[in-house]
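**Student:** Sequence:
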Amino acid sequence: MYLQTNYFNVVKLDGSLTRDILDNERNSDIIGSIVYLGRSLDFKIIAEYVETEEQRDELERLGCNAFQGYLYSKPLKLDDLLVWMEQRKK
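Using this note's numbering, read the sequence shown as starting at -7 and increasing by one per residue.
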């Protein structure tokens, strides 16, 4: 029912799927299906728990292009996040 409402435009892939993407073919199949569905409904897909370049590369291969996880940064407080973002704009 939520998919019919358009109350959101972003779907986050749970870390339990992305964590084992390199070792679990079923996870890859599920993620690929979610990405396909999300794109056809015009949703942005974000993968959480991305810790390695290999995970990111596999997620990109499946069509995901937004990532969250320790590959990029540990969790940050808002003030620290703003500094982190400002440093990367340069």
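One or more hints might be untrue.
What the hints assert, rightly or not - Once the Cα atoms are required to be at most 20 Å apart in a straight line, the calculated EDC-like pairs of lysine to aspartate or glutamate come out as:
id: 1; residue 1: K4; residue 2: D71
id: 2; residue 1: K36; residue 2: D49
id: 3; residue 1: K36; residue 2: E52
id: 4; residue 1: K66; residue 2: D34
id: 5; residue 1: K81; residue 2: D71
id: 6; residue 1: K4; residue 2: D21
id: 7; residue 1: K66; residue 2: D21
id: 8; residue 1: K36; residue 2: D15
What the hints contain is simulated information worked out from the structure, not anything from laboratory work.
**Student:** Indicate, hint by hint, whether the structure satisfies it.
**Tutor:** Hints versus structure:
| no. | hint | in the structure |
| --- | --- | --- |
| 1 | K4 - D71 | violated (24 Å) |
| 2 | K36 - D49 | holds (17 Å) |
| 3 | K36 - E52 | holds (13 Å) |
| 4 | K66 - D34 | violated (29 Å) |
| 5 | K81 - D71 | holds (16 Å) |
| 6 | K4 - D21 | holds (16 Å) |
| 7 | K66 - D21 | violated (28 Å) |
| 8 | K36 - D15 | violated (25 Å) |
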